[in-house]
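Novice: Read off the chains here:
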Amino acid sequence: MLTRREALLGSVLTAAAIATIGPVPAMATAKDVAGLPREKVTLVAPPFVHAHDQVAKGGPKVVEFTMKIEEKPTVIDADGTQLNAMTYNGSIPGPLMVVHEGDYLELTLINPDTNTLAHNIDFHAATGGLGGGALTLINPGEQVTLRFKATRSGTFVYHCAPGGAMIPWHVVSGMSGAVMVLPRDGLKDEKGKPVRYDRIYYIGENDFYIPRDEQGKFKKYDSAGDNYDDTVKVMRGLIPTHVVFNGKAGSLTGENAMKAKVGETVLIVHSQANRDTRPHLIGGHGDFVWEGGKFANPPAKDMETWFIRGGSAGAALYTFRQPGVYAYVNHNLIEAVELGATAHFTVDGTWDDDLMMQVEAPKAITS
Amino acid sequence: MSFDPVFTFGTIAAAALIGLGVSHAIDGMPSQPRGPVILTDMVTLAPSSFDHPQPGEFLKDDHSAPAPVLKETIDAPLEIMKFQVTASDYDRCVLDGACKPADSRLAGNVPATGVSFIDAQAYADWLSEKTGEAWRLPTDVEWAYAAGERFRADIEGSADDPADPARRWLTQYRNEAALGRKPDPEPRPLGAFGTNSNGVADVAGNVWEWTATCYAHATMSSDGARIASSITNCGVHVVEGFHRTYMSNFIRDGKSGGCAVGTPPDNLGFRLVHDPGGFLQEARRRLGLT
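Respectively, the protein sequence lines represent chains H and W. The first sequence begins at 1 in the numbering used here and counts up by one. The second sequence begins at 1 in the numbering used here and counts up by one.
To be clear, the hints were calculated from the coordinates, so they are not data collected in a lab. It is possible that some hints are incorrect.
Interface residues of chain W toward chain H, partial, derived using beta-carbon atoms under 8 Å [unchecked claim]:
(1) 166
(2) 170
(3) 173
(4) 177
(5) 255
C-beta atoms are modelled at their ideal positions from N, C-alpha and C, and glycine is treated no differently.
Okay, chain H solo, but in the shape it has when bound (with noise of 0.2 Å):
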């Protein structure tokens, strides 16, 4: 496709045109996989991101991921506020999982006996099946392996999607992540030149929605299933009780706080399965933004706050410029502040008095 945008920068014969011709067979036969090398990757969890190439070595491969399911209870506030968590991998979000256009993701899905509900996975990046949902669905005590063609470049949200009234409420539950799909010779700038990164952090965002007694106090529960009937009201609600990075407010701060330093490019795919997000680097700024997550288009440049729509994932790309203590937010700051949408970057380096000083400190007001 070529987009009105595209046209006008001029970028078709760069971007857009090494998107679409690709160098993969347009049509391969199950054969044909079966001959491609395989490479298996272990999972890490967000906000770090498995070692890959950038640039992809070497043609198409199948490579194999394993995530087991958890269903287990987790503090989300500094309050001891529990949620009845269901996680991909043991963590929210579940893993980031990085391979290039033309690969084929392989996910083995565990459902361990110690569960209690049924469990599948919907990717946003798959084509056909539900997004792997309609092949997936396993009880606690079984395994399924699903194979998917990455067809197309960028950030997809995967999540859990076990049929009606049970999809939402496992995606509040925490059943959520991503996967990114580079293009095989990386990611480019609008003029299609590469740009690289020397850091990759996954911030996977969540919506809760605990339930509160008479008093207002947040309620607890044995498990997941004693909690349904209760969060499916303030669900209906729409009003998120915690909006949270990480799986539990202020999990990206303190000793967790993300790293940097000054003249480092730091890619950040941001996750949010259910609910639009608009994140926002306090002193920063997204150098080169796919808002939409999709590689084939063009970043937009220089952005303030960028609009990550519910259900998908975007990625920023920005080399810091100043040290420090950077916030990164849900620049609803209601959500930041009281909710819980805040991580932290701490950033080494040299002060730059040519990008900020302060002239003049703090002094009585001189009529």
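Chain W: place on chain H using the hints.
Specialist: Showing chain W alone in chain H's frame:
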């Protein structure tokens, strides 16, 4: 931060149980016999002088500077509540219509929490009126003196490079993170955090305490030995506990009231100082003689 009493002998740590059951008829109203308004343990500390890191934000040579440590003197015995004001004591003020109900729903023998500076002030005024004696919030210096070895002051950053403000922000952030204090939101019964060497209980537990000291921006003399000028903002007061911080007067929940990074106060409460001889002052005040 350093707490270095110049001399510590003579501290009267024995708590005195004071029954404040007298209703004074100073304003000409008939005296009504009542039960004790409040029964509270008091600790009396001998006068002393000690080095004290000052509260507020400091500038030296136009750059942020760590809080200067200046000698402070307590020149009369300090009578301070051994425990924080309890939820049940605070409720009496609420029942009397002089205090607003606290945000915390806890009752009984736990510290009153979910209270603002304005609430604490209202309670002190109410108690003074009930007893005819002078009760007030401690100053930052008095609180630090009573807190003894449990006084920490602000969590500071370094000042190695005054031209690089980020260095100070980063060290301050990391120092605070390194303390590794986990949130501890549920107030405990009185005495749960033990007593310090002065016999004062529950200092620097999970209830931070309002003080009477206003937030200030101060400029140091160029030799750093004294405060050259200072602009105070009494809409914000010093709050003391595990660390020293600053809160707007109307804040009742420390978690959303400040401390944008690091350790916010788990709870906000208070304890009061009793001014001996304050009876006459109080009487004069109420007769409009001051």
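Novice: The structure should be examined with respect to each hint, and the outcome stated for every one.
Specialist: These are the hints, each one checked on the structure:
A cut of 8 Å between beta carbons decides the hint on residue 166/W: the least distance to chain H is about 4 Å, and the hint holds. Interface hint at residue 170/W: satisfied, since its Cβ lies 6 Å from the closest Cβ of chain H, which is below the 8 Å cut-off. Contact between residue 173/W and chain H, as hinted, is supported at the beta carbon level, the nearest pair being about 5 Å apart and thus within 8 Å. At a threshold of 8 Å, the smallest CB-CB gap from residue 177/W to chain H is about 4 Å, leaving the interface hint in force.
Because the smallest distance between the Cβ of residue 255/W and any Cβ of chain H comes to about 6 Å, under 8 Å, the interface hint for this residue holds.
The structure meets every hint from the earlier list without exception.
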